[in-house]
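Number of protein chains: 4
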Amino acid sequence: MREAFAWPVRVYYEDTDTGGVVFYANYLKFFERARTEWLRSGGINQSLLADTHDVMFVVMSTAVDYHAPAKLDNELKLTVVVERLGRASVEFQQQAWRVDTGSADAAHGAIPILLATGRIKVACVDRHNMRPRAMPAQVLAFIKGCI
Amino acid sequence: MREAFAWPVRVYYEDTDTGGVVFYANYLKFFERARTEWLRSGGINQSLLADTHDVMFVVMSTAVDYHAPAKLDNELKLTVVVERLGRASVEFQQQAWRVDTGSADAAHGAIPILLATGRIKVACVDRHNMRPRAMPAQVLAFIKGCI
Amino acid sequence: MREAFAWPVRVYYEDTDTGGVVFYANYLKFFERARTEWLRSGGINQSLLADTHDVMFVVMSTAVDYHAPAKLDNELKLTVVVERLGRASVEFQQQAWRVDTGSADAAHGAIPILLATGRIKVACVDRHNMRPRAMPAQVLAFIKGCI
Amino acid sequence: MREAFAWPVRVYYEDTDTGGVVFYANYLKFFERARTEWLRSGGINQSLLADTHDVMFVVMSTAVDYHAPAKLDNELKLTVVVERLGRASVEFQQQAWRVDTGSADAAHGAIPILLATGRIKVACVDRHNMRPRAMPAQVLAFIKGCI
Numbered sequence: 002m003r004e005a006f007a008w009p010v011r012v013y014y015e016d017t018d019t020g021g022v023v024f025y026a027n028y029l030k031f032f033e034r035a036r037t038e039w040l041r042s043g044g045i046n047q048s049l050l051a052d053t054h055d056v057m058f059v060v061m062s063t064a065v066d067y068h069a070p071a072k073l074d075n076e077l078k079l080t081v082v083v084e085r086l087g088r089a090s091v092e093f094q095q096q097a098w099r100v101d102t103g104s105a106d107a108a109h110g111a112i113p114i115l116l117a118t119g120r121i122k123v124a125c126v127d128r129h130n131m132r133p134r135a136m137p138a139q140v141l142a143f144i145k146g147c148i
Numbered sequence: 002m003r004e005a006f007a008w009p010v011r012v013y014y015e016d017t018d019t020g021g022v023v024f025y026a027n028y029l030k031f032f033e034r035a036r037t038e039w040l041r042s043g044g045i046n047q048s049l050l051a052d053t054h055d056v057m058f059v060v061m062s063t064a065v066d067y068h069a070p071a072k073l074d075n076e077l078k079l080t081v082v083v084e085r086l087g088r089a090s091v092e093f094q095q096q097a098w099r100v101d102t103g104s105a106d107a108a109h110g111a112i113p114i115l116l117a118t119g120r121i122k123v124a125c126v127d128r129h130n131m132r133p134r135a136m137p138a139q140v141l142a143f144i145k146g147c148i
Numbered sequence: 002m003r004e005a006f007a008w009p010v011r012v013y014y015e016d017t018d019t020g021g022v023v024f025y026a027n028y029l030k031f032f033e034r035a036r037t038e039w040l041r042s043g044g045i046n047q048s049l050l051a052d053t054h055d056v057m058f059v060v061m062s063t064a065v066d067y068h069a070p071a072k073l074d075n076e077l078k079l080t081v082v083v084e085r086l087g088r089a090s091v092e093f094q095q096q097a098w099r100v101d102t103g104s105a106d107a108a109h110g111a112i113p114i115l116l117a118t119g120r121i122k123v124a125c126v127d128r129h130n131m132r133p134r135a136m137p138a139q140v141l142a143f144i145k146g147c148i
Numbered sequence: 002m003r004e005a006f007a008w009p010v011r012v013y014y015e016d017t018d019t020g021g022v023v024f025y026a027n028y029l030k031f032f033e034r035a036r037t038e039w040l041r042s043g044g045i046n047q048s049l050l051a052d053t054h055d056v057m058f059v060v061m062s063t064a065v066d067y068h069a070p071a072k073l074d075n076e077l078k079l080t081v082v083v084e085r086l087g088r089a090s091v092e093f094q095q096q097a098w099r100v101d102t103g104s105a106d107a108a109h110g111a112i113p114i115l116l117a118t119g120r121i122k123v124a125c126v127d128r129h130n131m132r133p134r135a136m137p138a139q140v141l142a143f144i145k146g147c148i
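Residue numbers (this note's numbering), protein chains in the order written: chain A, 2 to 148; chain B, 2 to 148; chain C, 2 to 148; chain D, 2 to 148.
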């Protein structure tokens with residue numbers, strides 16, 4: 002089994018709320034950053050994809066379980082695992098981990114803490130009529146190589 | 002059966018993305034606005050609750066299915082239905098509907114369109130140690146009256 | 002002198018940060034909601050404007066002074082005053098006031114508190130080439146009537 | 002003269018709006034990320050600062066001029082220059098540059114494009130009563146070394 006793709010995210014003021022933790026909706030942003038960089042690691046740029054193939058990815062469903070909070074200045078690691086691959090859709094399992102060593106909470110040590118688990122379903126659509134479209138061959142090949 | 006609580010939300014630039022539609026993560030914000038106003042309709046103010054009872058609500062899990070997009074200037078209606086009530090947790094079923102009559106897309110007429118369905122699980126916790134706490138009697142009574 | 006247009010905004014979790022107050026960047030969102038609703042009060046819908054006249058408004062500059070913080074559940078009032086009107090640009094003076102009566106801080110009474118003052122410059126541009134364009138006559142007439 | 006501190010920021014869907022560009026308010030977030038990382042480059046962590054010195058930084062005013070738009074997938078470079086240093090306040094001049102080489106717009110070549118210029122004034126305050134407080138010696142020393 003391959004290791005999951007991982008992308009670092011730092012928590013800034015913009016990400017937090019008055020409860021003193023990362024606002025739960027923002028994990029969807031963090032998950033998307035990780036998926037985007039995972040695609041980029043395969044040479045796939047979504048802007049170029051739109052221009053050259055007239056397709057874009059849209060999120061069909063999201064499901065997130067929140068296990069523990071993240072705070073200002075925490076370092077997170079966001080992972081990407083492909084759970085299911087269709088011709089025009091992909092289902093991801095993603096996790097957010099706290100891996101920081103330098104924050105006020107660092108007394109907890111270097112053991113990563115699982116913060117949130119997400120299941121995100123994405124569809125490839127024609128960017129003009131929004132109908133499902135088979136993913137371009139390059140994208141499909143990259144994803145298959147990740148499974 | 003009671004009618005669902007509904008709260009109006011207008012789509013502004015801040016809510017949209019370069020795909021021309023409301024960014025999917027923002028439905029979690031819209032859902033929360035509706036839950037907050039639903040509580041307020043029962044005389045419950047979360048800031049006061051924190052100050053007087055030392056409790057706060059935290060989101061444990063979210064699951065959203067996206068059915069159709071919303072666009073700039075659309076008028077949405079966000080609904081709140083209690084699906085399950087525990088002593089220290091509540092599970093909601095929420096929907097986002099497009100109900101606009103004045104936008105560029107109004108040619109579609111006045112028939113509401115279902116945009117997104119969410120299932121949001123919220124827990125009542127002690128705001129100092131974040132451990133589960135039974136909801137204050139006033140809150141419990143209000144929610145029971147809504148089922 | 003006319004009274005300034007005012008638009009109510011409620012503070013939700015999404016608007017706050019770990020400092021316990023509204024995140025300063027979000028006042029730009031509140032200001033824009035007020036400008037949008039001010040235009041709508043004159044029968045002007047920006048989506049329709051884009052479709053019928055191929056123009057859109059873009060923000061050229063923003064300057065905000067922060068005087069006092071807003072907190073969760075506060076009720077704000079956002080005002081819109083036109084300071085300068087050109088053929089293809091408008092300059093606004095906008096203010097955010099706290100006017101809440103029901104929050105935990107309401108002991109301060111009903112005297113509005115000035116939270117932030119903004120000066121926002123907006124240009125009307127062709128939505129295809131982004132070049133300055135004279136505002137449509139309907140828009141110009143509405144704005145002139147507000148000065 | 003020293004070279005300005007620079008921090009890379011990538012544009013994701015979350016940053017854009019239906020106009021096809023980065024939503025203007027988000028430059029304030031980008032500027033803050035750069036200031037935060039600039040402090041961190043000097044060994045200063047704002048969470049630790051709050052815990053050990055009971056102080057925090059609050060934004061007093063922001064002024065941003067927008068020169069050119071950024072789009073999805075663009076690579077930005079955010080700079081930080083100290084313009085004025087007081088005992089309890091700092092004034093920054095910050096810029097956002099587009100430096101991408103891999104996006105759909107890369108035909109424009111590798112010449113950086115200035116997107117936005119900001120002037121941000123920040124105050125050091127007691128985190129309990131929010132009154133101005135002289136910056137801790139470590140912070141002052143770091144900033145002086147950057148001028």
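Hints were generated in silico from the structure; no laboratory data involved. Because the structure is a prediction, the values reported are computed rather than measured. Do not rely on the hints blindly, as some may be mistaken.
You can't tell identical chains apart in this list, so a pair holds if it fits in one copy or across any two.
[To be verified] Using 20 Å as the maximum straight-line C-alpha spacing, the simulated SDA-like pairs for lysine to any residue come out as follows: (1) Lys72 to Gly21; (2) Lys30 to His129; (3) Lys72 to Phe93; (4) Lys72 to His129.
Worksheet item: Checking Lys30 and His129: alpha-carbon separation at most 20 Å within a copy, between copies, both or neither?
Response: Neither: 24 Å inside a chain and 27 Å across chains, both beyond 20 Å.
Worksheet item: When no copy is named, should Lys72 and Gly21 be tagged within, between, both, or neither for a Cα gap of at most 20 Å?
Response: Both, since 7 Å and 13 Å are each at most 20 Å.
Worksheet entry | Identical-chain pair category, Lys72 with Phe93, by Cα at 20 Å | Answer is neither: 25 Å inside a copy and 26 Å across each miss the 20 Å cutoff.
Worksheet item: With identical chains treated as interchangeable, where does the CA-CA distance between Lys72 and His129 reach 20 Å or less: within a copy, between copies, both, or neither?
Response: between (40 Å within a copy, 15 Å between copies)
The earlier numbered hints that this structure contradicts are 2 and 3.
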